[in-house]
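Here the structure of chain F is known, so what remains is to put chains G and V in place on it, guided by the hints.
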Amino acid sequence: MTTYKFQTVERDSVFTRLDFRSKILIMIVVTLLAFLWEDPIYEAVLAVLVLGACLAAGVKRGYITLLLAGMSPFYLFMLLTHAFFNVAQAERLLAVSNLHPIFTLPADLWLIGGLEATWEGFLYGANVMFKTMSLTLVIPLAIFTTDVDEMISSMVHARVPYKLAFIFSSTFRFSPLLWSEFNKIVAAQRLRGMALESMGLMKRVRVYARVVVPLILSALVRSQQLEVVLQSKAFNGDADRTYFHEVQMEIVDYFLISILFLFSIAAIYLRVQFGWGKFSVWF
Amino acid sequence: MVSKKIAVLKEVSYQYPRSEGYALKDINLSIERGEFLAVIGATGAGKTTLCLSLNGVVPQFFGGRFFGSIEIGGEDTIDVPTSQLAVQVGEVFEDPETQIVAASVENEIAFILENLKTPRDEIVARIPEILDAVRLKGLEKKHPHELSLGQKQRLAIAAALAARPKLLVLDEPTSQLDPYGVRETFQLLKDFQAAYNLTVVMTGHAAEEIAEYADRVALLSEGQLKAVGSPQEIYTSFSLLKDNALRPPQVADTFQRIRQRSVEVIQTPVCLQDGIEAIRDLQTRVNICSPKISSQGEVLQTETILETENLFFNYPDGTIALKDVNLTVKKGEYIALMGENGAGKSTLAKHFLNLLQPSRGDVRFAGKPTREFQVSQLASRIGYVAQNPDQQIFTTSVEEEVSFALRNLGYSSTEISVRIEESLTEMGLLQVRDVHPLSLPKGDRARVVIAAILAMHPEVVIFDEPTTGQDDLGAQAILKVSLRLHQQGKTIIVITHHLHLMPDYARRAVVMGRGRILLDTDIRTAYHQVDLLKKTYLHPPQAVLLAQEIASQTPIPKLLTPAEVAACFKPRVRGRA
Amino acid sequence: MTNATPPKGSERNIRSLSSTHIDGAPMAYIIALAAVVTALSFIPFSFILGSGGSFPLSQGVLGLVGWVLGPVAGAVSSGIGSLLGVFLAPHTAGPLPLMRVVGSVYASFAAGAMVLGQKRRYWWIPVAVYAMLSFAYFVGRAILLNGVGVGIAFAATFVDWSAIVLFILPTRKLITGWLRSSKLPQVMLGLALGTWMIYGITHVCQSAVIYHLQNYPEEVWATLIPIIPFENLVRAAVGVVIGSGVITGLRAVGLIKPEHAVF
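Chains as they are written, first to last, in our numbering: chain F, 105 to 387; chain G, 16 to 592; chain V, 25 to 287.
Simulated from the structure, these hints should not be mistaken for lab results.
Just so you know, not all the hints are guaranteed correct.
As the list claims (entries may be wrong) - Computed, partial: chain F to chain G, Cβ under 8 Å:
hint: 1; residue: Leu-321
hint: 2; residue: Arg-326
hint: 3; residue: Thr-346
Unchecked claim - Restraint-style ranges between C-beta atoms, simulated for each label pair:
hint: 4; chain 1: F; residue 1: Tyr-358; chain 2: V; residue 2: Pro-150; range: 34 to 42 Å
hint: 5; chain 1: V; residue 1: Leu-279; chain 2: G; residue 2: Arg-80; range: 15 to 23 Å
hint: 6; chain 1: V; residue 1: Leu-208; chain 2: G; residue 2: Lys-338; range: 48 to 56 Å
hint: 7; chain 1: G; residue 1: Ala-140; chain 2: F; residue 2: Leu-153; range: 42 to 50 Å
hint: 8; chain 1: V; residue 1: Ser-34; chain 2: G; residue 2: Ser-45; range: 18 to 26 Å
hint: 9; chain 1: F; residue 1: Val-149; chain 2: V; residue 2: His-236; range: 30 to 38 Å
hint: 10; chain 1: F; residue 1: Leu-153; chain 2: V; residue 2: Phe-178; range: 34 to 42 Å
hint: 11; chain 1: G; residue 1: Gln-568; chain 2: V; residue 2: Leu-279; range: 56 to 64 Å
hint: 12; chain 1: G; residue 1: Lys-549; chain 2: V; residue 2: Glu-35; range: 25 to 33 Å
hint: 13; chain 1: V; residue 1: Leu-279; chain 2: G; residue 2: Ser-163; range: 25 to 33 Å
hint: 14; chain 1: V; residue 1: Gly-171; chain 2: G; residue 2: Thr-334; range: 57 to 65 Å
hint: 15; chain 1: V; residue 1: Gly-171; chain 2: F; residue 2: Ile-145; range: 23 to 31 Å
hint: 16; chain 1: F; residue 1: Asp-342; chain 2: G; residue 2: Ser-45; range: 28 to 36 Å
Quick reminder that beta carbons are idealized off the backbone N, C-alpha and C, glycines included.
Bound conformation, chain F alone (with noise of 0.2 Å):
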């Protein structure tokens, strides 16, 4: 019994009201700063508002905890490369030629020993963590807090051709079949001898790889039924039809945008012209 749906926030609050184009535009202002910025403070702030915005508009801790579980081990990599590696690029960017070490491995380890790590190749380290959060989490915020089908809808005003809108419904409606498929069929292979318990990587690597054959092949000939079912709900693809979820952009959508379209220019400007929000210590 694998049931998964969209994890939906059960809370009410500004992030739900909002219309999907705002969110949208929230993601790409965020793509953006995340890009734009090398400052690790600047982007730390910026994960830190795109964190506390996911929590306040309710977007199950579980999710998030899974997300940055996940990606944990990227996030340490980043800072101990970094830390002990970036120099050359550090000293560009800050224009100094000599980094504040931290602490230097025994020289006696074998091949590490006497490596260096450096306070300013950890800050750049912790920079491109805090990016990639923030454009890690900006994600859940925008689509956790949007009912599917105001999604389409919002879709559909913004001028995605509806098919593309349709798709995309559909594929959330049929991707839980298609993972509890999954799983009945590793179990169907089991109850054939497959050992999976005692098994490499390399092999189960295989054995996946079998398992989506069925899969696809399943799916691609139930398409086929799909086909006719949709033809026989009237469905011909035209987006001249009728909506029954409706949207519409209310005032605090247009301040929203305006709000983050200026400050998108002035992020910009300020980078551009005076250098802020590029690669800085304080020390």
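Just chains G and V, lined up with the frame of chain F:
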């Protein structure tokens, strides 16, 4: 003047592209407004094609060659696009999964209305109305994934009805449902037919229900319309049914057999109520005897092979799936494990294979807890034939499919080829050993899966709903395999809600409901516990109910089949009136 | 099915009145494969830190989606499938989820652009140009701006430049021919090289953006020299297993081919 006919088919023939023969051939048929027409026929008779031709999907989507004409409410299905015909014709299909396209219940209803450009206010008004009628109120926001099979099928019907079509076409809408779901669907359709003068065209294998609810029955055979008539006419044309691998309702079957015993029967009844009345009538005229039946109820004195003790199982989301299940299976038994959809039958079977582990209690195979086995070890000793063959086919040829498990289990190549040979012979698949399994028909694909499992030489074989979606011939063929295996000494467990199929095979019946074992006894005793069966939404076969009617007057043993019931009636003595 | 006598009714002229296609592929096929991509996003495969985080099993089918549906429908299907996969399975989405989506679109488009006939025979050019520009930026930035050694930079991008070479040269057409072959070993060879090539050029396009952000130092480049080819080899192996099963299966089932299918 509105014509009394909603659909008129004139000389309709149809050939699918890249296909040799005709899927439909020279069909002439008129469908009256407000009637309930059932279409019956063996697998491949053209039922689905007929359904799809009524809203123009055949031939508009499939292409191919089309002859003759079909008019629906005056519109020609060749000239008017399907999307426009949808105003008049609603369609419901077999698989509840693929026909629900939206991500919530209310959107599913809205979808067709949106496509038909129904104004939004009207959509908003119709959704609660139609959900109320199919008893899905309160589930508006649910994802289809959260609905039961029966609920999904009701939603599909609701969505088709939301557009207020004049004709509702249903292609095997009940074949995946348990007996309760089947009756519920029929009753729902009957209600709509009465309330809105809706015309219903429906295909299916549920002979008992069709006899009771349909106004007319059409019999298709190899694309041709063989007969059209009242259920009474069609379901008493026994040789016609037999030629087409169809089964009459058990009531009709019983009385046909009684008649064959030279007992006078005025009219062969096809509905249960008429049957009971006819029995009452016979009891006043004919001598009743106690027929000889196979001995039942003996307990096998072999060793225990499978055993559960105080087994509880909860799903991670808290749903209780099994409650205090205690079951002992002896070597060499043949057990029917029965219950409604969701009663916990498959969940129990998965415990035997260590695919699921008990939340509490024990499961043992050959005396050892199953959790001490690897799934693959158990699987080689307990063969599990799951429901959908296509989820159990992984390779590109029949032979490879059979060797798949053997290679996993590390057998030598000589041993593998011996077992392939033996298994393919057993299932009659030798001729197709090099063929891609997916190019075989559905019944043969199921046999490929069984062959692959038999190759492991399991001691126990579990069949999970093997007869779902099969016509009578296909269902019998699979059960015959199970019987052969049983005769070879294997322990057999068949999970099913097709009660009428089991008396010839199973000795013991285990009935489950809501995660508990409600009944565990010999099949005769079980089938006669009518009230208890109802608790788990099962209906005993009609023969059992007829036997009970007889038993209320004359003491007879617990009978199960039409043949046994018929045997109660003594042939008339020559010369008696 | 009866054949004996000709039908009594007069034959009708059938027009296709349906319009539910995108670029010759039925909508339902696009949906089905998009749902496959989403469902497979749940299964993490292994960790590749160079191009950012773990990659999900869905990456094993992106090329196939393009080959089955054609470039446009394939790109739509992969794009929407991975977009949903990114939301529903964040644990496999990697540090730059949107990059994952763009990469999927690019991969399926590139796969679908491998054509043999006259129709659409220039579609591969923009794909190749974009890959080459990405390569120039990626490696150029590393060598010129961040002081990565030339040898190391080229060794670490073996997958990238080998894929570009395969894609530009007539090898592309050779591989396409193999995919269409009725002989299984040729199909498998086509799948192996085709998958290597498609993911190679996708990798370079993604890496250019990721490197712009992360600027990982030379030592990381060095560690990538064995990792990236290994990862791509795994992808190619997965591509062969899945692709050969699906292509032979589709031929057995006799499903109607989308108009621009490559296989």
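Hint check:
no., hint, in the structure
1, Leu-321, "holds, 7 Å"
2, Arg-326, "holds, 5 Å"
3, Thr-346, "holds, 5 Å"
4, F:Tyr-358 - V:Pro-150: 34 to 42 Å, "holds, 37 Å"
5, V:Leu-279 - G:Arg-80: 15 to 23 Å, "holds, 21 Å"
6, V:Leu-208 - G:Lys-338: 48 to 56 Å, "holds, 51 Å"
7, G:Ala-140 - F:Leu-153: 42 to 50 Å, "holds, 43 Å"
8, V:Ser-34 - G:Ser-45: 18 to 26 Å, "holds, 19 Å"
9, F:Val-149 - V:His-236: 30 to 38 Å, "violated, 22 Å"
10, F:Leu-153 - V:Phe-178: 34 to 42 Å, "holds, 41 Å"
11, G:Gln-568 - V:Leu-279: 56 to 64 Å, "holds, 60 Å"
12, G:Lys-549 - V:Glu-35: 25 to 33 Å, "violated, 54 Å"
13, V:Leu-279 - G:Ser-163: 25 to 33 Å, "holds, 31 Å"
14, V:Gly-171 - G:Thr-334: 57 to 65 Å, "holds, 59 Å"
15, V:Gly-171 - F:Ile-145: 23 to 31 Å, "holds, 26 Å"
16, F:Asp-342 - G:Ser-45: 28 to 36 Å, "holds, 33 Å"
Of the numbered hints given earlier, the model fails hints 9 and 12; all others are met.
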